[in-house]
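Chemist: Sequence:
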Amino acid sequence: MTDEQIAQFGRFAAAPPDQATLEQFFFLDDADRDLIAKRRGDHNRLGFALQLVTVRWLGTFLTDPLDVPLVVLDYVATQVEVADPSCVKRYTEREKTRLEHQWEIAQVGGFVSFASAQESLVQWLDRQAWTTGDGPKALFVAAVAWLRTHKVLLPGVTPLVELVAEVRQAAETRLFDQLAGVVSVDQARLLESVLQVPEGQRRSQLDLWRRGERSTTGRGMVAALTRVASIAGLGMRRVDVTGVPTRRVIELARYGMAAKAPKLARHPYRRRLATVLATVRWLKVTATDDALELFDVFMSNELIGRASKASDKDKLRRQPGYARHAAVLRAAVQVLLESDEWGEGIPVEVVWDAIETAVGSRDRLRAAVDGVAEMIPPAGADPDGQWRAAVVERFATVRPFLRMLCEVVEFGATAGAAADFGHAAERADPEGLRRCAQGGCGSGAGRVVVPVRTADARANPKYFARKRGVTWLNMISDQAIGLAGKVLSGTPRDTLNVVDLVYNPDGGPQPEVLITDAGSYSDVVFGIVTLLGFDYRPVLADLPDTKLWRVDARADYGVLDKAARGRVDLDKIRRHWPDVLRVIASVHTREISAHDVIRVLQHDGPAHRPRRGGRALRAH
9 MTDEQIAQFG RFAAAPPDQA TLEQFFFLDD ADRDLIAKRR GDHNRLGFAL QLVTVRWLGT
69 FLTDPLDVPL VVLDYVATQV EVADPSCVKR YTEREKTRLE HQWEIAQVGG FVSFASAQES
129 LVQWLDRQAW TTGDGPKALF VAAVAWLRTH KVLLPGVTPL VELVAEVRQA AETRLFDQLA
189 GVVSVDQARL LESVLQVPEG QRRSQLDLWR RGERSTTGRG MVAALTRVAS IAGLGMRRVD
249 VTGVPTRRVI ELARYGMAAK APKLARHPYR RRLATVLATV RWLKVTATDD ALELFDVFMS
309 NELIGRASKA SDKDKLRRQP GYARHAAVLR AAVQVLLESD EWGEGIPVEV VWDAIETAVG
369 SRDRLRAAVD GVAEMIPPAG ADPDGQWRAA VVERFATVRP FLRMLCEVVE FGATAGAAAD
429 FGHAAERADP EGLRRCAQGG CGSGAGRVVV PVRTADARAN PKYFARKRGV TWLNMISDQA
489 IGLAGKVLSG TPRDTLNVVD LVYNPDGGPQ PEVLITDAGS YSDVVFGIVT LLGFDYRPVL
549 ADLPDTKLWR VDARADYGVL DKAARGRVDL DKIRRHWPDV LRVIASVHTR EISAHDVIRV
609 LQHDGPAHRP RRGGRALRAH
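My numbering puts the first residue of the sequence shown at 9, with every later residue one more than the last.
In case anyone wonders, no lab produced these hints; they're calculated from the structure. Beta carbons: idealized from backbone N, C-alpha and C, even for Gly. Treat the hints loosely; a few may be bogus.
Pairs of lysine-lysine, DSSO-like flavour, derived with a Cα cap of 30 Å [stated by the list, open to error]:
id, residue 1, residue 2
1, K470, K494
2, K145, K97
3, K159, K145
4, K321, K475
5, K46, K104
6, K580, K470
7, K475, K271
8, K580, K555
9, K292, K323
10, K159, K292
With beta-carbon atoms standing in for the labels, derived distance ranges [stated by the list, open to error]:
id, residue 1, residue 2, range
11, R135, R245, 45 to 55 Å
12, K555, L410, 25 to 35 Å
13, A15, K570, 49 to 59 Å
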């Protein structure tokens, strides 16, 4: 904490409270006034009232009860009907009166001493530090909020800072000990080895693993799969870390991904093992993702893309011949259609003579029929058969790594479970099935053309013309740039990725305020971000099209009545509230990605309507 923050702890801020704050937190109700009225003298009544509102606002009593902003003094004096607020100066003449009033206010208001609640606070802080891994400042703020919520009188700033630091350090030590304790001696030796730089090399194995393969060729695929196999060969994914919150493991991996190997090697033994273990486990996941993304691009560009181009070229090559055959058949059919107008009883020979005159000869007509027959697939044949045949012809391009792909990547899809997948509440409703889930920061998306072959490039004529490109989703704050970044293939909607950007393991401290453009906004995203504890402020592009929401359909909102076209269904929120909380908790602990949650909840069928869980989040 800074010296300024320490000086302001347990005291009124330099900026006086505004009128809304005064009315909300410094208002005296009838019970308060009855209690104040028992004092004798205006100075005692006003002094008692000031101590009452002070402890409610600050969570502690001031050594000088008169050290309050002038607006607070005037507001309280008006409520207790003291015409001359300056008389309160007499309140401090008798020290015992001030202390007696503090004791009485604490008794009536239910305030307890810090010593009586310290053990409960330590237990709560320990759970927070163990589960979230928050820094000392965030834990200190959370501790103050806990004390105020439970009506515990704040201690001095130094004892509270030391207590928070002690609890946090104990949680960190327990984290390192628990992760290092699940590693065997042989596994520990393997983890130590990845930090060492082999003789004649400039990089450690860990540094080499951090760099993913980007070449969209067969050799690139082999290199990417070799990377996955070498990381998986350590066997660290089989280590049981279920006793540690997933979020802590990921945050430890984030640190390990950013730190240099020599720095990691200088850490104490148990911390070093824990950090490298978390990093290697995370690398196994990211390396597999990189390999599959590379495989997707390889299949799209090198295999399917080239097969499609070859098929298209073959069609273009055959097009002139097809056109000539079609012209012959058109001329013959045209004669047949016109023969209806020649009258009754026209001999067939006459019709054939007319056809031969139109097309040139009967042999030419047969050739046209045979030529067209070649382009018509047999009955029941695959309409994409020609394209698929071209794909099969290019099978040699995937043969070098196909076996390795199946051996290295653990594919876990089970088609047999498809019938059992989904929301039970929606499956039970056939009608529902027929109708088809400190500082301001912002994310900015930059779309750039990629001049080289890369796994991340995708086509989009609107932004990249005939080339391929990527979207760089980046986060900035009012203090720094590059807090977190993510490369998105092509130009996907920012909505699906903005929340994951905030929780990016490679990012920095999480923001308090999240500002995005219209492309990152949706009502479902708004609900998720708000429930995650962020102040969400999307900058909407078209204000005239913005829809406001109302709870009461019959209420009149004056000039805003026409804009309040949306209806919030509170019953819908109540029905799905447990599921909503489970989703938010899973995103917060990083058990699942917000991208997958939003993608599932946002779309339901071709109408792209949110699912029921998504509609509950949107309503919230």
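Chemist: Against each hint, give a clear statement of whether it holds in the structure.
Modeler: Here is what the structure says about each hint:
1. For a cut-off of 30 Å, the pair hint linking K470 to K494 stands: about 21 Å separates their Cα positions.
2. Under the criterion of a C-alpha separation no larger than 30 Å, the hint pairing K145 with K97 is inconsistent with the structure, at around 37 Å.
3. A hinted pair counts as satisfied when its Cα atoms are at most 30 Å apart, and K159 with K145 qualifies at roughly 21 Å.
4. Restraint check for K321 and K475: the C-alpha separation of about 20 Å stays at or below 30 Å, so the hint holds.
5. Distance check on the hinted pair: K46 and K104 sit about 17 Å apart at the alpha-carbon level, within 30 Å; holds.
6. Taking the CA atoms of K580 and K470, the gap is near 40 Å; set against the 30 Å cutoff, the hint is violated.
7. The suggested pairing of K475 with K271 is violated, with an alpha-carbon distance near 42 Å, which exceeds 30 Å.
8. Proximity of K580 to K555 is assessed by CA-CA distance (about 19 Å); at most 30 Å being required, the pair is judged to hold.
9. A threshold of 30 Å between alpha carbons decides the hint, and for K292 with K323 the separation of about 44 Å lies outside it, so the pair is violated.
10. Of the pairs offered as hints, the one joining K159 and K292 is violated, with about 47 Å between alpha carbons and a cut-off of 30 Å exceeded.
11. The hint said 45 to 55 Å for the Cβ distance between R135 and R245, and at roughly 27 Å that hint is violated.
12. Between K555 and L410, the C-beta spacing of about 51 Å breaks the proposed range 25 to 35 Å.
13. One distance hint, 49 to 59 Å for the beta-carbon pair A15 and K570, holds here, with the actual separation near 50 Å.
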